[in-house]
Amino acid sequence: MNAIQNALQSAGPQAAQIEQLWWLTLAVCAIAFVPTLGALLWSLWRAPRATEATPADTAIVSQPERRTRSVVVSAVVISGIGLAFLLLASVRTDHALAQLPLEDALNIQVTGHQWWWDIRYDDPDPSKIFSTANEIYIPVGRPVVITLLSDDVIHSLWVPNLHGKKDLIPGQTATMQIRADKAGTYRGQCAEFCGLQHAFMAFTVTALPAADFDAWRAAQLEPAAQPTDEKAKRGEQLFTSGSCMMCHAIQGTTANARMAPNLTHVASRRTLAAGTVANTPQNLAAWITDPQKIKPGVNMPAHHLPGGDLDALVTYLGTLK
Amino acid sequence: MSARGLTCIVAASMLALLPAACDRELRKLSKPQSGGPVPAIGDKPVGMQPGQPGPGLQETSSARTYDGQNAYELNQGKRLFRWYNCGGCHAQGGGGMGPPLMDDKWIYGHEPDQIYDTIMNGRPNGMPAFRGRIPQEEVWQLVGYVRSMSGQASPAAAPGRSDGISASPAEARRTRENPRTTGPEPPVKTP
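Each protein sequence line maps, in turn, to chains S and X. FYI, the numbering for the first sequence is 1 to 321, going by our numbering. FYI, the numbering for the second sequence is 1 to 191, going by our numbering.
Treat the hints with caution; some may be incorrect.
To be verified - If you want a taste of the chain S side facing chain X, the calculated C-beta under 7 Å gives, among others:
#, residue
1, Ser243
2, Met246
3, Met259
Unchecked claim - Examples of chain S residues lying across from chain X (beta carbon under 10 Å, computed):
#, residue
4, Pro48
5, Leu149
6, Asp151
7, Ala199
8, Ser241
9, Ala257
10, Pro296
11, His303
Claimed, not checked - With a Cα cut of at most 25 Å, we get these calculated DSS-like pairs of lysine-lysine:
#, chain 1, residue 1, chain 2, residue 2
12, X, Lys189, X, Lys105
13, S, Lys321, S, Lys231
14, S, Lys233, S, Lys321
15, S, Lys293, X, Lys28
16, X, Lys105, S, Lys293
17, S, Lys182, S, Lys165
Simulated from the structure, these hints should not be mistaken for laboratory data. Here the structure is a predicted model, which means the values were calculated and not measured. Positions of the beta carbon are idealized from the N, C-alpha and C atoms, including for glycine.
Produce the entire structure from the sequences given, and follow the hints as far as they go.
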């Protein structure tokens, strides 16, 4: 997957503000750091090099050491000015981040779970609300308001190319405003330690041109495709009559639980298990058989199915484009 | 015995307890495919039962993975109790449409195997059968948690807090009820 994750390649106004502040901080710190190191190296270079034959240096007795007060005071004043400047710049950046115009904003609700992201696209029309997991799609140039919730512990949403971090705290609602001005796929990551698989709690944000986004959204709103061949039909029957539907949902079937990722269009996703493995039939079969091998600690239980059943289930899930 | 000898014995016995403490927190993530005997549960027909067991996924795993003194297993049981909406009928243990689970009264028995049977096969007058719906290992976790609700699990292993607001103290602080099996109530005669 060639998604970038880099705070220094901003793809929107929010990340651009933060990137600017980052370069400014680097420059101001360099103003203090470079001369300090230079002075250190210079003093090392001019230090007296004595041998056994060198007579003892008694100059300190006859002429007192030069006073350092003026040097110390000017260094403190310069550092103080630098820090005050950074404080002002940081406040200004915070202010600018809150100024993103939000007319015609898209509303998305992201709920953190151990260890995946539940993504719900809100709409005033209830029939246009749908859920997906781990892959966020947004239109280019349109502001997006992300509502952040958590189901279990504290998580943190971070897409460095679009914005800074924001925590998802159980029992609290936070929001984040982003806008992507460049189309592309940006990688995000949970940035607050949330348990055993914190490192494998990734997601992507894909910014699409408006027309492509509308097409994607329309496709997501469709219920799952009805299986046509016998094998896929058997797979659907297994899914809805067994334990899968106790946690997962597939729109258009009786599976309606919301404890685990919505699988209505699972075959259109790039990865499985929140960016852990590529979405291939082999990986899916391995995931269903023993998820603990791929992502130890995950809440998905193992299912040691007879070969034919596993094949049917994987075939059915593969039809859910 | 000298004071020194006594100290040695106390220290040695405390050291011997250490491995047990480790087991308590151990996360057994991969369950064995087969192992200890699973209680025989047949296709017992029970009357007046909502929801039939799923023909579902024929699982090949057949291990009895019950561990009522393991903190992780009990905690997973608590999570699953919420996920599978057990609270819809049993509330947080106080009971509602279904019988309470935090008192000393057990209609069909308090032994782990009996609770396993209750969840897997269902019981008359409302308890659905979850066979084929919930994987065995998760049912064993639920069994452990259900027992902890009336203080049957060690306070050192039972969940110490709830994720949401709860009127009752956490399972670790419940007083241990003295379980007794009452059997089902006789059917009400309609005049």
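Checked hints:
Taking 7 Å as the C-beta contact cut-off toward chain X, the hint placing Ser243 (chain S) at the interface holds, the least distance being around 6 Å. Taken as an interface hint, Met246 (chain S) checks out: its beta carbon lies about 6 Å from the nearest beta carbon of chain X, inside 7 Å. Checking Met259 (chain S) against chain X: minimum C-beta separation of about 5 Å stays under 7 Å; hint holds. For Pro48 (chain S), the suggested interface contact is broken, since its CB lies about 60 Å from the closest CB of chain X, more than 10 Å.
A cut of 10 Å between beta carbons decides the hint on Leu149 (chain S): the least distance to chain X is about 13 Å, and the hint is violated. With 10 Å as the threshold, the beta carbon of Asp151 (chain S) comes within range of chain X, its nearest partner Cβ sitting at about 9 Å, so the hint holds. For the restraint placing Ala199 (chain S) at the interface with chain X, the shortest Cβ-Cβ distance is roughly 16 Å, beyond the 10 Å limit, so the hint is violated. A distance limit of 10 Å between C-beta atoms decides the matter here; for Ser241 (chain S) the minimum to chain X is near 4 Å, and the interface restraint holds.
Annotation: Ala257 (chain S) was flagged as interfacial toward chain X, and the flag holds, the nearest CB pair being 8 Å apart, inside 10 Å. Interface restraint check for Pro296 (chain S): the shortest CB-CB distance to chain X comes to about 5 Å, inside 10 Å, so the restraint holds. About 6 Å separates the beta-carbon of His303 (chain S) from the nearest beta-carbon of chain X, less than 10 Å, and the hint is met. For the proposed pair Lys189 (chain X) and Lys105 (chain X), the alpha carbon gap of about 23 Å is at most 25 Å, so the pair holds.
Of the pairs offered as hints, the one joining Lys321 (chain S) and Lys231 (chain S) holds, with about 17 Å between alpha carbons and a cut-off of 25 Å not exceeded. Proposed proximity of Lys233 (chain S) and Lys321 (chain S) is supported: the alpha carbons are some 15 Å apart, at most 25 Å. With a CA separation close to 12 Å, the supplied pair Lys293 (chain S) and Lys28 (chain X) stays within the 25 Å bound. Proximity of Lys105 (chain X) to Lys293 (chain S) is assessed by CA-CA distance (about 41 Å); at most 25 Å being required, the pair is judged violated.
A threshold of 25 Å between alpha carbons decides the hint, and for Lys182 (chain S) with Lys165 (chain S) the separation of about 20 Å falls inside it, so the pair holds.
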